[in-house]
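K.L.:
Each chain, letter by letter, is given below.
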Amino acid sequence: NAGVTQTPKFQVLKTGQSMTLQCAQDMNHEYMSWYRQDPGMGLRLIHYSVGAGITDQGEVPNGYNVSRSTTEDFPLRLLSAAPSQTSVYFCASSRYGTSGGYEQYFGPGTRLTVT
Amino acid sequence: GQQVMQIPQYQHVQEGEDFTTYCNSSTTLSNIQWYKQRPGGHPVFLIQLVKSGEVKKQKRLTFQFGEAKKNSSLHITATQTTDVGTYFCAEGSGNTPLVFGKGTRLSVIA
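Line order of the protein sequences matches chains B and R. Using the working numbering, read the first sequence as starting at 633 and increasing by one per residue. Using the working numbering, read the second sequence as starting at 471 and increasing by one per residue.
Okay, chain R solo, but in the shape it has when bound (with noise of 0.2 Å):
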């Protein structure tokens, strides 16, 4: 099936820098999910993209979906304690299971 593959792993930044992390795969992918996990928390959906260079922001948070659906990637803007938490990509269609990535572990030094 279907994989998304999420690099990094993890990130520490100091509070206030920028963050982004980014999900890739081989194949052209239908669309795209975000979600956050918070420490001790369920994934929260953030956001779907699904057309060809599509562009989303969420206040500090900006969403790209590349030119050839193969990749995205998240972006924080001037990081704060309260995005701590694990970022998840996701790729799913209507009648398929959502196939998630690894996640992006986030530290957020005070």
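Only chain B is shown next, with the shape it has when bound in the complex (with noise of 0.2 Å):
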């Protein structure tokens, strides 16, 4: 299993300028989220999705659109680019239930820089 991907590695994009973060899962797992990390900030939850077609805000979703159309791709668009975006996003996934949490996988991350 290559476990949770994340394309590209590296960007850098120009203010207004739009792209997609693209993250994949080869574990069959419901639940998929996008983090983004800044110096000091911790990790901050943007979207998650609990299946495919379902999606939800998490705490900093402004800037950021997602679809989840299988339960393999999450993606993540970023619509018009500023600097405070700046960051390095991860790409998570676990199992899905009610009966308790369940271990997070991360992607190897995705470092954007916006000038």
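None of these hints come from the bench; they were simulated from the model. Just so you know, not all the hints are guaranteed correct.
Below, in silico cross-link-like pairs of lysine to aspartate or glutamate (DMTMM-like), each with a Cα-Cα straight-line distance of 20 Å or less [to be verified]: (1) Lys540/R - Asp553/R; (2) Lys572/R - Glu704/B; (3) Lys527/R - Glu735/B.
In silico negatives: residues of chain R with every beta carbon more than 10 Å from chain B [as the list claims (entries may be wrong)]: (4) Ile477; (5) Pro478; (6) Arg530.
From the three backbone atoms N, C-alpha and C, an ideal C-beta is built for every residue, glycine too.
Take each chain as given, in its own frame, and dock them per the hints.
P.N.:
The following block contains the structure:
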């Protein structure tokens, strides 16, 4: 199993450009999520999904869109990049259910710089 | 939503010294997960605690969940340079998003 994969690893954008960060998992996990990590801020949840066709906002959703058309893929779209979106982005997946928390598997991250 | 506070934010220790990071909440936690992130890497799951007063060990790492389920700690005995990284606690239940603390960054001086 490849686990959680993310592409690209690095990206530089100009202000106003749009792009999609790709995330895929091959563990048949229902739950997928996107986090951004900034120095001193920990991991902040952007959007998450509990299954195909279902998405919801996290703590910092503004400027980002997501969709979940398949169990495996959960792309994150930046609509109009801003310097404040310079960050490291992590995708994660896990099992989902009501009986307890589950281990999150993280991808290697995408390091995004917006100039 | 649920918030977990981690202290300290940074810790510098000499190799061989012990290290402890604490995770606190004002409300009762469903469970606590701990993750480690090496510099330049991604968070990796270490353990989950569910029961009040639970203590689990992984080699030199000891994890505790408070009796009131409002706090947790991670203790590393005799730190090594391989322990360098940021340690995060996170609280989550089955059907709500995981909430992470801001992490404790550990530096180990050889």
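K.L.:
Over 10 Å from every CB of chain B: does Pro478/R meet that, or does the non-interface label fail?
P.N.:
13 Å, holds
K.L.:
Lys527/R and Glu735/B: Cα distance at most 20 Å?
P.N.:
17 Å, holds
K.L.:
Below or equal to 20 Å on CA atoms is what counts here, so check Lys572/R against Glu704/B.
P.N.:
Violated, because 29 Å separates the two Cα atoms, which is more than 20 Å.
K.L.:
Are all beta-carbon distances from Ile477/R to chain B longer than 10 Å?
P.N.:
13 Å, holds
K.L.:
CA of Lys540/R to CA of Asp553/R, is that 20 Å or under?
P.N.:
26 Å, violated
K.L.:
Non-interface claim for Arg530/R: all C-beta distances to chain B beyond 10 Å?
P.N.:
21 Å, holds
Hints 1, 2 from the list above are not met by this structure, while the remaining hints are.
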